[in-house]
Structure formats: structure tokens, C-alpha cells
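Asker: Sequence:
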Amino acid sequence: MTERYDCHYCKESLFGKKYVLREENPYCVKCYESLYSNTCEECKKPIGCNTRDLSYKDRHWHEDCFKCFQCKRSLVDKPFSTKDEQLLCTECYSNEYSSKCHQCKKTIMPGSRKMEHKGNSWHETCFTCHRCQQPIGTKSFIPKDNNNFCVPCYEKQFAMQCVHCKKPITTGGVTYRDQPWHKDCFLCTSCKQQLSGQRFTSRDDFAYCLNCFCNLYAKKCASCTTPISGLGGSKYISFEERQWHNDCFNCKKCSVSLVGRGFLTERDDILCPECGKDI
1 MTERYDCHYC KESLFGKKYV LREENPYCVK CYESLYSNTC EECKKPIGCN TRDLSYKDRH
61 WHEDCFKCFQ CKRSLVDKPF STKDEQLLCT ECYSNEYSSK CHQCKKTIMP GSRKMEHKGN
121 SWHETCFTCH RCQQPIGTKS FIPKDNNNFC VPCYEKQFAM QCVHCKKPIT TGGVTYRDQP
181 WHKDCFLCTS CKQQLSGQRF TSRDDFAYCL NCFCNLYAKK CASCTTPISG LGGSKYISFE
241 ERQWHNDCFN CKKCSVSLVG RGFLTERDDI LCPECGKDI
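Just so we're aligned, residue 1 is where the sequence shown starts under full-length UniProt numbering, counting upward by one.
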């Protein structure tokens with residue numbers, strides 16, 4: 001006597017019928033599909049035992065339903081992308097969503113290397129120097145007039161040359177007497193300190209820091225003997241080839257300021273009328 005072999009769920013005999021084993025239990029095809037078949041994302045029908053079940057991120061499709069949302073071509077065994085949970089072939093995805101190369105205007109395919117600058121994209125081989133046409137890659141570059149230049153080409157074509165060292169000025173720089181200088185080259189003629197960012201003056205077309213200029217060329221105060229720069233609107237008194245700082249132009253005896261007042265002289269000294277009345 002043959003032992004019965006029944007569907008685990010409906011208990012009908014499986015003798016002479018197709019069945020499916022699940023966890024070592026036999027199911028008739030009808031019961032298995034109603035209990036365990038996945039639902040197709042496209043047609044919403046069960047994916048039966050007699051058809052291929054294609055899955056992607058816990059979603060399932062019939063083989064015939066696994067198509068590009070745009071062009072409807074089959075994606076079976078082909079590369080694809082997704083956008084808003086829709087399947088797209090590589091070509092449709094690229095045409096719809098991929099960046100366009102700023103140079104050749106063609107699509108930059110997903111997965112290919114691209115260069116980006118100020119909202120524009122390029123194929124790596126299209127991102128070239130406008131002058132030498134060589135790919136820039138990851139090297140430094142300088143944009144000018146909607147074109148990109150590698151640093152050597154930019155320096156050759158556009159960069160000003162420092163009056164002192166004759167080398168290109170690529171960043172910063174100082175203009176003095178309508179001529180360009182590197183900051184590191186624009187120095188005091190006397191002490192060689194950098195003049196950029198500080199007050200300076202010139203004599204015979206040579207630039208000097210204020211300290212050096214005053215020590216070399218400024219007249220000395222007849223009272224304190226320190227230089228009178230006369231720069232920046234500072235005031236001084238001049239009398240018979242002698243000069244005084246405003247604050248130093250005082251009576252030798254009583255120290256009262258003589259600025260704007262009458263005074264007398266006694267040899268090298270200046271006196272107020274009161275102190276000089278006995279001269």
C-alpha cells in the first residue's frame with residue numbers, strides 16, 4: 001500500500017501533480033503561489049512558480065515586466081539605474097538626469113569621472129587648458145573670460161611681471177608708480193623691510209619706510225634734535241633755516257608755547273617777549 005503524499009496546506013493528494021517544497025513541506029502549486037509568491041511591482045500580479053522572479057532592493061518583477069520606465073526595453077541581464085523608484089536603462093537615465101559636458105555638450109555617463117567648477121561639468125578629457133589644450137586633471141588652474149588655463153600658460157599669457165625680479169605675479173602684488181611688484185620684492189631702499197601694508201614715502205623714485213626716510217633726509221628739530229618728517233599733515237615751525245616741531249617751539253626759560261605768538265631770539269634760544277625783555 002503506497003503512503004499518501006498530500007499538500008501541506010490544502011491536504012489534497014499530490015500524486016501525479018507538480019508541487020513545491022518549502023522548509024521540507026510539499027505544497028501544490030496553487031497553494032504555494034497564494035501563500036508565498038511575490039507580487040510584481042509592474043503588473044501587481046503574483047509571480048508564479050513557472051516564471052522567473054527578478055528582485056531589486058526587496059522589490060520583485062516578472063521577467064517580462066522588468067523594463068525601462070522610459071523606453072520600455074527589457075532590463076533583464078542589463079545595467080540599469082533608478083530614479084524616484086523607477087527603473088531606467090543607462091541611456092535613458094543619462095539623457096534625463098546626467099550632467100552634460102560644458103565643452104562637447106555630450107552626456108557624462110554615470111560612473112565616469114567628471115570635473116566640476118562653478119556649476120559646470122566636463123568629461124575628464126574635455127577639461128583642458130584653453131591655451132595648450134592639455135588636460136588639466138587635478139592640477140591647479142586659473143579661470144579667465146569663461147576659459148580655464150593651466151598655471152604656466154596663464155603666467156605666460158596674462159600675468160604681470162614684477163619690476164624688481166621680473167617673475168610673474170600670480171596672487172596679490174603691489175602697484176607703485178603704476179608698476180607691479182611682488183609684496184616680497186617691494187622693500188625699503190635702506191633697511192630692506194617689506195613696505196606692503198605700512199606707510200612709506202619716496203625720494204628720487206626710491207621707496208623708503210618712514211623711519212629710514214626721516215633718519216636720512218628729514219630736517220632735525222632745533223630743540224629735541226629728532227627728525228621732522230612733515231608727513232601726514234604734521235605741523236612744524238621754520239625760522240632762519242632752523243625748524244622746530246610745533247610741540248617743541250617753546251620759550252627756553254618759561255616753556256610757554258610760542259606757536260602763533262611773537263618771540264625773541266638770544267643766540268640759539270627763543271624766548272617769549274616777557275622773558276626776553278631784559279635782553
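Incorrect hints may appear among the rest.
Okay, derived cross-link-like pairs now, DSBU-like style, lysine-lysine, Cα gap no bigger than 35 Å in a straight line [claimed, not checked]:
| hint | residue 1 | residue 2 |
| --- | --- | --- |
| 1 | 253 | 235 |
| 2 | 100 | 83 |
| 3 | 83 | 105 |
| 4 | 167 | 220 |
| 5 | 144 | 167 |
Label-pair ranges, simulated between beta-carbon atoms [said to hold, decoys possible]:
| hint | residue 1 | residue 2 | range |
| --- | --- | --- | --- |
| 6 | 161 | 119 | 13 to 21 Å |
| 7 | 179 | 144 | 20 to 28 Å |
| 8 | 114 | 140 | 15 to 23 Å |
| 9 | 97 | 197 | 47 to 55 Å |
These aren't lab readings, by the way, just hints derived from the structure by calculation. Only a predicted model underlies this, so the values are computations on that prediction, with no experimental measurement involved. Glycine residues also receive a C-beta, built at the ideal position from the N, C-alpha and C atoms.
Asker: Please go over all the hints and tell whether each is borne out by the structure.
Answerer: To see whether the hints hold, each was checked on the structure:
1. 253 / 235: Holds, at roughly 23 Å.
2. 100 / 83: OK: residue 100 and residue 83 at ~18 Å, within 35 Å.
3. 83 / 105: Since the Cα atoms of residue 83 and residue 105 sit roughly 23 Å apart, the hinted pair holds (cutoff 35 Å).
4. 167 / 220: 41 Å, violated
5. 144 / 167: Answer holds: residue 144 to residue 167 is near 20 Å, not above 35 Å.
6. 161 / 119: 13 to 21 Å: About 33 Å separates the Cβ atoms of residue 161 and residue 119, which means 13 to 21 Å is violated.
7. 179 / 144: 20 to 28 Å: Between residue 179 and residue 144, where Cβ atoms are some 22 Å apart, the hint holds.
8. 114 / 140: 15 to 23 Å: 18 Å, holds
9. 97 / 197: 47 to 55 Å: 50 Å, holds
Comparing the model with each earlier hint shows violations of hints 4 and 6; every other hint is respected.
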